[in-house]
Amino acid sequence: MMMMMMMKVMMMVTVMVSEGSIIEQTCKETPDFNLCVSLLNSDPRGSSADTSGLALILIDKIKGLTTKTLNEINGLYKKRPELKRALDECSRRYKTILNADVPEAIEAISKGVPKFGEDGVIDAGVEASVCEGGFKGKSPLTSLTKSMQKISNVTRAIVRMLL
Amino acid sequence: MASNEALLPVTSRQDLLSESKSDQIPETRRRRPIKVHLAVYSGLLLIALYVALIVTHDGSTVQHGAKDETSTESRARLAGVSEKSNDRVSRLSDDRKVEAFPWNNTMLSWQRTAFHFQPEKNWMNDPNGPLFYKGWYHFFYQYNPNAAVWGDIVWGHAVSKDLIHWLYLPIAMVPDQWYDANGVWTGSATFLDDGSIVMLYTGSTDKFVQVQNLAYPEDPSDPLLLKWAKFSGNPVLVPPPGIGAKDFRDPTTAWKTSTGKWRITIGSKINRTGISLIYDTTDFKTYEKHDTLLHQVPNTGMWECVDFYPVSKTQVNGLDTSVNGPGVKHVIKASMDDTRIDHYAIGTYYDSNGTWVPDNPSIDVGISTALRYDYGKFYASKTFYDQNKGRRILWGWIGESDSEAADVQKGWSSVQGIPRTVVFDTRTRKNLVQWPVEEIKSLRLSSNKFDMTIGPGTVVPVDVGSATQLDIEAEFEIKTEDLKLFFDDDSVEADKKFSCETSGGSTARGALGPFGFSVLADESLSEQTPVYFYVTKGKHSKLKTVFCSDTSRSTLANDVVKPIYGSFVPVLKGEKLTMRILVDHSIVEGFAQGGRTCITSRVYPTKAIYGATKLFLFNNAIDATVTASFRVWQMNSAFIHPYSSDDLGVPSRT
Chain W
1 MMMMMMMKVM MMVTVMVSEG SIIEQTCKET PDFNLCVSLL NSDPRGSSAD
51 TSGLALILID KIKGLTTKTL NEINGLYKKR PELKRALDEC SRRYKTILNA
101 DVPEAIEAIS KGVPKFGEDG VIDAGVEASV CEGGFKGKSP LTSLTKSMQK
151 ISNVTRAIVR MLL
Chain U
1 MASNEALLPV TSRQDLLSES KSDQIPETRR RRPIKVHLAV YSGLLLIALY
51 VALIVTHDGS TVQHGAKDET STESRARLAG VSEKSNDRVS RLSDDRKVEA
101 FPWNNTMLSW QRTAFHFQPE KNWMNDPNGP LFYKGWYHFF YQYNPNAAVW
151 GDIVWGHAVS KDLIHWLYLP IAMVPDQWYD ANGVWTGSAT FLDDGSIVML
201 YTGSTDKFVQ VQNLAYPEDP SDPLLLKWAK FSGNPVLVPP PGIGAKDFRD
251 PTTAWKTSTG KWRITIGSKI NRTGISLIYD TTDFKTYEKH DTLLHQVPNT
301 GMWECVDFYP VSKTQVNGLD TSVNGPGVKH VIKASMDDTR IDHYAIGTYY
351 DSNGTWVPDN PSIDVGISTA LRYDYGKFYA SKTFYDQNKG RRILWGWIGE
401 SDSEAADVQK GWSSVQGIPR TVVFDTRTRK NLVQWPVEEI KSLRLSSNKF
451 DMTIGPGTVV PVDVGSATQL DIEAEFEIKT EDLKLFFDDD SVEADKKFSC
501 ETSGGSTARG ALGPFGFSVL ADESLSEQTP VYFYVTKGKH SKLKTVFCSD
551 TSRSTLANDV VKPIYGSFVP VLKGEKLTMR ILVDHSIVEG FAQGGRTCIT
601 SRVYPTKAIY GATKLFLFNN AIDATVTASF RVWQMNSAFI HPYSSDDLGV
651 PSRT
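Chains as they are written, first to last, in full-length UniProt numbering: chain W, 1 to 163; chain U, 1 to 654.
Extracted from the complex, chain W is given alone in its bound form:
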């Protein structure tokens, strides 16, 4: 009886440890473990992906965040017309992430030349920072910028594992 109990607990614990293990092992090596784990666990592909696959999931998240931010920027033109110049710059920067950085990173990682993927991912963080800087401390996008910077850092760490 006691043996059965022990076996069940044993199995539960080992299942807990081994199932999230690849994601957790990978995320340990990134600057934001919790963010990394939550992003990867939120994608159904996460549990069976290899390192390239995990990187591609995160790049998808970058793409999603970029689209979300572009929508936010578009909405701000009406609400905050005085910010037009900064919003124009941000629009340009985020479009670069969507049209240049993301496709570059996806192609590079899929094809096994991860260094170009690293370039794209780093640049996503740079473009977000530059956009933020255009508001000279009074940005309506700070939360979205921080998210992009964090995701970019985490993704970069994972892409570097492929080098």
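Think of the hints as simulated: they come from the structure by calculation, not from any bench. For clarity, every value in this text was computed on a predicted model and none was experimentally measured. Do not rely on the hints blindly, as some may be mistaken.
[Unchecked claim] Straight line, CA to CA, 20 angstroms or less: simulated DMTMM-like cross-link-like pairs of lysine to aspartate or glutamate:
| no. | chain 1 | residue 1 | chain 2 | residue 2 |
| --- | --- | --- | --- | --- |
| 1 | U | 207 | W | 50 |
| 2 | W | 115 | U | 152 |
| 3 | U | 134 | U | 439 |
[Said to hold, decoys possible] Quick look at which bits of chain W chain U covers, simulated, 3 or more residues with Cβ under 8 angstroms:
| no. | region |
| --- | --- |
| 4 | 89-102 |
| 5 | 113-120 |
| 6 | 124-138 |
By construction, the Cβ of each residue, glycine as well, lies at the ideal position given by its N, Cα and C atoms.
Dock chain U against the given chain W, drawing on the hints supplied.
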């Protein structure tokens, strides 16, 4: 002939990960006495709980405590990356006060170079298959026909009579076969005994496997080599057992072995060890792989764009890739995927078993302190033997250091370095020496000669008129009394740790430096790129000289990378300090001591452009007075343009 099974990846990423996974998963249960079962279970339960604790505990330490910058640094160390390559992330991503620089088209269009090779638009990277044939130098390159970022790669093509005046030709090879459907990547040319050309290149197949393919000119009588045919039996090489499907690329030019077979090498990695595989062939269609490697170095990561060639120990001419013998040393060069640095090492090649041993294992290929062709922005380089003039010529890909948004806006990204001759340094006997090809002198227009003596803490404008396209050759001498005082002063400690990066750039003043030129500067020096020498006391009371390029104040813009580059340069007894600088809009190439140490920098000034660009000479030393004797040439454009029938009559400029 490769079978389809052989194309399946033999090691998956999963395997690589499981090697590093901790082996804490308990073994399957077996029949054993109850007491032992109990003991085993309790023990395993404890281990499992312990592991669960470790995993979550590590997670939480990562999250709390560390500042953004520190955690980026420590993660960098975990990922095996040097702090320098993490520069852009820690400097920009965490600094939310970075202002968007208002780049306008005037500023961006100024950045385009006048006499460096670059396509009319879009992205370029690695040089491919350079060769000389029927009176023309051919240059192929990795090119994206659709965007100003990497992707959709094809082989671009250009020709020149003199390695300087290039003519654009149509695309040479596109991904039109299953074995290169996902990319026509880097490769090299070999001349066969009958003078015909074979090209080996890497293809990324429709299943994303990296394979080697054979191609050759469709019409050998066409001096422009416009059309290329791919061998019907491609691929000729697929990743061998034990090598990852995506770790097998960039085949070299072949060389003849003493048995008459051809031999090539291809870079790869096994775990974190960088390696170079070696194959023999008689027809370039079937190959025998050696069981041993040409060379390997632990902890260097993937070796891309491997290059292997002989240099003469005594002569200044180049050698055909197949040359071997007692008067010869062999160079292995590799591009380090991890750090984006090209390293080379000089050593001895053993033809009988296809192995190579470095002269100095402590600076073996890929080790961080190993020699580099260039201490700035310079990657994926490749040499070829120029049988026209008996030279070995080096090409290097110079990427951008700006944001991709700027590249997209200006419509292009990347240039090639000016081709350089490469020879063994017969005086130091430890390194190579590179120098821009002589043909570049054909671009020199008017010049001004100067002799100036500048005291400590001086900056002097050098009046040359326009200062965006220049060739500067200079000689420096530190006044003997100052040298003697410094040299004999025992209180001055030997500065073992001094380097360009850690020295604080050109504003950090020492007794004997820094001194040199500030290029691409504006009148008020709010933007400037100093290229300079810094002399310190080295080990055993000898003088030590470093040669640096400081881009940290090259622009007011904050969305570009602005490193300080440089390295130690050997200066032998009796030698003056000499420097050559090529300035061409957004690229600056510096050469110290005749090319013993070279630095390429990319800079993006916002004010020091067009007519506002100035040149200065400076001496920031505290104690020394410096004499500078130099000449500055205005450089013409190379007028690189698409080939037309008018160009057939272009005379050679040399």
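Here's how the hints hold up against the structure:
{"no.": "1", "hint": "U:207 - W:50", "result": "holds (17 angstroms)"}
{"no.": "2", "hint": "W:115 - U:152", "result": "holds (16 angstroms)"}
{"no.": "3", "hint": "U:134 - U:439", "result": "holds (18 angstroms)"}
{"no.": "4", "hint": "89-102", "result": "holds (count 8)"}
{"no.": "5", "hint": "113-120", "result": "holds (count 6)"}
{"no.": "6", "hint": "124-138", "result": "holds (count 12)"}
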